[in-house]
Amino acid sequence: MENLGSLALLIAFCLAVYAVASSVIGGWAHKPLLVLSAKRAVYAIWFLLTIASFLLVHALLSGDFRLAYVAANSNRAMPGLYKFAAWWGGQEGSLLLWSWLLSCYSAIVVYVNRAKHRGIMPYLIATLMVTQVFFLILNAFVASPFRVLAVGREITAVPDGNGLNPLLQYWAMAIHPPMLYLGYVGFVVPFAFAMGSLITRQQGDAWIHTTRRWTLVIWLFLSCGILLGAGWAYAVLGWGGYWGWDPVENASLLPWLTATAFLHSVMVQEKRGMMKVWNMVLISATFLLCIFGTFLTRSGVVSSVHAFAESSIGKYFLSFLAIVIGVTSYLIITRLDYLKSDARMESVISRESSFLFNALILIASCLAILWGTLFPAISQAITGEKISVDATFFNRMNVPIGLFLLFLLGMGPLFAWRRTSLESLRRNVFVPGIAAALFVAALMAAGVRHPYALVSFGLCLFVIWTIAAEFYKGARAIGARTGRNLLFSVVELTHRNTRRYGGYIVHMGVVLMFLGFTGAAFNKQATMEVNVGGAFTLDHYVLRVASLREGDTDNYAWDRAVVEVSRNGSPLSRLEPERRFYKASRQAVSEVAIRHRLDEDLYLNFAGFTEDGSKAVIQAYVFPLVSWIWIGFLILIMGTLVCLVPSKTKFQPPQTHMAGATREYAPASK
Amino acid sequence: MTILTAILIVTGSILYTLLVHKKDLLEPERPSPVAPLEEYKERIANSLRDLQFDYRVNKLSEHDYEQAKLGLENELARVAAEIDKVLGKSAERVDQGFSPAQVKETSRQTACPRCGARFSQPLKFCGECGSPIQRSAS
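One line per chain: the protein sequences are A and B, in this order.
At position 176 of the first sequence the residue is numbered 177 (my numbering), and the sequence of numbers has no breaks.
At position 37 of the second sequence the residue is numbered 167 (my numbering), and the sequence of numbers has no breaks.
With the rest of the complex left out, here is chain B (with noise of 0.2 Å):
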């Protein structure tokens, strides 16, 4: 019996191992030629969300939080356009992008109605204190 059943194991873990067809691959994850940068934009926009946190519970001064929101922002805008760029849609977001004129509009266009901060990118809600915007709050 012990005989037996050690004929069974030994056989059964070899044959288990070394018998592999082709047919029992998996499909591999097909990976993506932009997930090193998104990786990298998602550290970004987790940086913007701890630094909105930390100044909002005072650990940073306004003009310490001003400088490292307007650098994570463009580093942000830097990467979501290196990723655009990759995936081939660049055009439409840089080299096509909005005239100096849209742009100013643009800015012109964001400011919070409840607590006056100012943003440069059109918001549906204030990154500051999170009343709703609406375009025509301008």
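Isolated chain A, as found in the complex (with noise of 0.2 Å):
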């Protein structure tokens, strides 16, 4: 079975690096045979490296402990769905997963485009295969899931494994990595396009028009990715946060960053012509952050909660992502010329201008994430120390720059394309700028001094306020049109363009999520040792230690505090944190239990018992708002989907009776 998967991987390895040569082949000396056995051969490879990840899906499932991969991440007694997500629990299956996927997204992409682009098509299989081949190094020479356990030439098994890392014995560990793999992999297909487009000079924005949905998709797995990371770290590390500036978290956030910032850059490409080279270093920018993003969790140079593997495989990362670089900046540099705008800025009032502010923000947030990521390696290297940058560096950084975000998300729907005046901006802002300043006058009048907080709630307010006003004008015009509710109207006025209004839910989506996060500067919490029947108190809330309980199963032993909660003497609810042990690996984690409420939520997390056995440490936490965060996740879960319908309507420039027109306007012309 193990020689089956190495051998599928060896065969896909072969056929990626013959995919490279008759593609660019094909393409350079215009021999369509060799571009067909080229994309023949992506089908290839989707089929081998399916039937390899099948092979090690079956012997996680099975409990093949021969394979070093399986003994080291799975164990008899872990549930079915924790031992099919120990594929991507290690280095070995995470990275057959990656590959996978790619192979995946290729096929998909080879055969939607089976019959079109045909000038770019070669240069777009090699761009995917040549990181199919660097992958496929991996899994096949480096880092194999299919190595076996040997004593001397004799091929052993244990009797049990390790099993998987029990942080990771969560159900959303089921989705949050492959949803990850989803976003990172797939940027490589904009990426694949655009080095296409680039190499073959090409004049429009074809490469774009393609991509612009699959970008959308891909962009919201990501989103999705980092959300669902962010809601593990909230109910499994025990330490209430949800974002921790982990060395692997940012990895994630930096891709992000660049994708959001492409995401809006390129609208100013498809309506203006402009930024064409931004728009190339955006995306691929993305795709080298989403490389980096998978050597930073998988080589282990940075410490991390996340370094679930750490192996020496860094310098072909770092191999490969010097190639790219190096190969991306001279396409972009010998081709400048067919990168040149096609219109000016006219104003810096204006909607493209706004983009621009937006996409230097994402980019310096980016950059500063990036340095603080980094510094420890970096400092490593140089001074020979390393120096750590913590949670406050990231935060002094980033929160001023998320607040300047906020205000752009705010002010961007008020501008109009080409030019805005200034006058119907003035009009625009001052109600809405009103309400924020009334807002925050009576923040300050109820005992709220926090400025970051006072400054987020009100432009939250602001932004709200601007969106719903967007809404509500573009409605009013259509209802007075066709005599319609409201209701009606909003539904009538996103349909007509859903990229644009989809766009302004997912910036709702962003207000809320921004509304949860300014939550935690009111976060408190008291950690306190506790016999049975002991009560203690944390802000409004009283909890009592009712009872502790203890039990076994297969896969680990608990201790379960019953903990109930009272305010103003009426009881609220129960809650049973626990503490887990699991036998195989050894290792002991928190299941923590939270009381979630739109205004806050209880956090209770059982650390253990106090030295002597007799008391238990409960640690509590009020969590101000949090809900928001995922509340507004959902929104923009939403708002993107939105973004991915078709508009209802195109506008239709009267052809007909365009020569009398043109005669008039264009006597320069003729």
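Misleading hints may appear alongside valid ones.
Below 25 Å or equal to it, Euclidean Cα-Cα: the simulated DSS-like pairs (lysine-lysine) are [stated by the list, open to error]: (1) Lys32(A) <-> Lys117(A); (2) Lys171(B) <-> Lys153(B); (3) Lys272(A) <-> Lys117(A); (4) Lys153(B) <-> Lys117(A); (5) Lys616(A) <-> Lys525(A); (6) Lys341(A) <-> Lys171(B); (7) Lys171(B) <-> Lys117(A); (8) Lys316(A) <-> Lys387(A); (9) Lys153(B) <-> Lys649(A); (10) Lys215(B) <-> Lys171(B); (11) Lys32(A) <-> Lys153(B); (12) Lys32(A) <-> Lys199(B); (13) Lys153(B) <-> Lys341(A); (14) Lys616(A) <-> Lys272(A); (15) Lys199(B) <-> Lys649(A); (16) Lys117(A) <-> Lys152(B); (17) Lys199(B) <-> Lys171(B); (18) Lys272(A) <-> Lys153(B); (19) Lys316(A) <-> Lys272(A); (20) Lys616(A) <-> Lys474(A); (21) Lys341(A) <-> Lys387(A); (22) Lys525(A) <-> Lys272(A); (23) Lys171(B) <-> Lys272(A); (24) Lys199(B) <-> Lys474(A).
Only some residues are given here: those of chain A computed to face chain B with a beta carbon under 7 Å [as the list claims (entries may be wrong)]: (25) Ile12; (26) His31; (27) Pro33.
Simulated from the structure, these hints should not be mistaken for lab results.
What you are looking at is a predicted structure, and each value in this text was computed from that prediction instead of being measured.
A virtual CB, placed ideally from N, CA and C, is assigned to each residue, including glycine.
Put the two chains together into one complex, using the hints given.
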């Protein structure tokens, strides 16, 4: 079985090398049969990697502990879902998942575009397959998941495996890594289109039109991956945070920031034919940061809570990154003539300039995070001493940047394309501006003193107001014409320009998430050692430990504290935080208990017992507004899905009667 | 069994990749000679739509709107003419276009009976308020 898996990886590698060569030669020498052969190689690679993945999953599910990967990442008592999730629980498996997802994307792209983009297709295939070759080198020669355990020359098996890391035995972990990888891997497709367009010196924006929806879907995957990771950290790590500026968390945020900048600036290219170089740089940076993210997760170059795998594969990633950076830079620099803007910026007060600002701010945030993430490794390389960068640095850099972005979210919709009149801008800003100022004054009167929180709350209201006003104004115009009610008009308005209004819905989701982030300024916590029957107070909650229980399953032993929660004498709920001890890996993890409410979460972590074993250690937290992060995220998903729906109407210029206009308006061109 | 499966998978994958014939080639799409122009035209058309919408929701001054609209319409006309030229139909549109008198007549003809907006080319519907415009309305 393991031989079959290794053979499939080896043949896939050979075919990927062949696909690169045949597609490039076929494209360069105009040999369509060679290009067709390269396309078939793409399908064959998908088939071979599917077989390899199937064999690994089968080994995990059936407990084939002759394989080193299965012995290290699975055990008999683990539930089936986590046995399956062990596919990406370790380094070799997750690299195979990367490869397999890439082969899926490649096969889909080649099939969907089999009769299109004849010019760029060979180079698109070559770009996809170069990436595939790189990952297959890792799969087949460096980190093979099909290595067997052996004593001398004899294959052996251990009676049971170590099991998946207990921190990964959580339902979101079955979705979070694949989602993140779908995002990471997916960006290779727009990047490959961009490279194909550059190599063949395409003048139009065909690659952008083709990849627009694709990029949006990938961005959604990446967003889902990041937020599921945040949810996992919140519910599993036991310290109540959803974001700790961990290097691997940062690594997932970096391509998200550049991809978000790309999604915005690409609109400027579509509408005005501007920012073409910028878009090439952004999509290339996004792809490179995706590879970089995988490198950070898998190389162990920086210490992280995600350092589930540490190895020497870093040098392979660095070499690949260096090659891609070199080739991409060369292509962009030598094709600058083809990337000239069709128009120029007419006014600073315009939508295109707001998109440019937005992109610059996102890039600034990206660079600040990148610097903070790499600083320990850089400082170690230069001075020999590792200087760690904590969350304070990232917060100090990113909170003001985030607030400015929030401000731009509010201002963006008020700008028109090309130029905006100052008078209308003043008029449109006035009411939401006053409302936000009054809101901040009311909060200050209520005793809120945190400066960033006040600014954030004010800006949240400002943005919600401006977005709501956009919907209202547009819907009112439609309602006046059609005579339908406001709700119908809002739906109609959104359907007429799904991209614009879907985008506003996404922005609304982001604002709600900011509301949730701002709540962190008012977090409260207490750690208490209590006996059964003992009680303590946190904020307005009274927490009484009613009982302590213990139990055992095949996979883990557990201790559970039953905590009764009351407020002002009236009982609210009963929470049961748990402490688990996983037998195979001999690790203890927490299973927190959370009381979710819109205004705040009450979060209990059973941290274990005091040294003498007489008292339970309970960590209690109050997290105001945190639920709005998850609500905002759901709205973000909804808005992105709306963006993917084709718009109902298209502007049809009055072509039939354009002759008169041509004659009248265009004498100079004659 | 494993060896047989391995042989089948390897030979199948390699033969599928290498054995390609001319009859397997799909008829490629015929690239339009005016594709970039059509793309540009669509971009201008979308810009016009955005411009009208932005003006309707008071993001633009009257002056900026008129100026931008005129510029876009000029550009649209120029691109339309260029497309025709490439397709070999330029004569009808530009070189043998309407006489100045006809153009003047055309301009005079189109004013919206409802909102009073004036348009230099005949329209079936008002670009401002959407009301139907009849030729006789002038």
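Cross-check of the supplied hints:
no., hint, in the structure
1, Lys32(A) <-> Lys117(A), "holds (16 Å)"
2, Lys171(B) <-> Lys153(B), "violated (37 Å)"
3, Lys272(A) <-> Lys117(A), "holds (23 Å)"
4, Lys153(B) <-> Lys117(A), "holds (18 Å)"
5, Lys616(A) <-> Lys525(A), "holds (22 Å)"
6, Lys341(A) <-> Lys171(B), "holds (18 Å)"
7, Lys171(B) <-> Lys117(A), "holds (21 Å)"
8, Lys316(A) <-> Lys387(A), "holds (20 Å)"
9, Lys153(B) <-> Lys649(A), "violated (40 Å)"
10, Lys215(B) <-> Lys171(B), "holds (14 Å)"
11, Lys32(A) <-> Lys153(B), "holds (14 Å)"
12, Lys32(A) <-> Lys199(B), "violated (47 Å)"
13, Lys153(B) <-> Lys341(A), "violated (41 Å)"
14, Lys616(A) <-> Lys272(A), "violated (66 Å)"
15, Lys199(B) <-> Lys649(A), "holds (23 Å)"
16, Lys117(A) <-> Lys152(B), "holds (18 Å)"
17, Lys199(B) <-> Lys171(B), "holds (14 Å)"
18, Lys272(A) <-> Lys153(B), "violated (41 Å)"
19, Lys316(A) <-> Lys272(A), "violated (42 Å)"
20, Lys616(A) <-> Lys474(A), "violated (61 Å)"
21, Lys341(A) <-> Lys387(A), "violated (44 Å)"
22, Lys525(A) <-> Lys272(A), "violated (48 Å)"
23, Lys171(B) <-> Lys272(A), "holds (11 Å)"
24, Lys199(B) <-> Lys474(A), "holds (21 Å)"
25, Ile12, "holds (6 Å)"
26, His31, "violated (12 Å)"
27, Pro33, "holds (6 Å)"
Of the numbered hints listed earlier, those contradicted by the structure are 2, 9, 12, 13, 14, 18, 19, 20, 21, 22 and 26.
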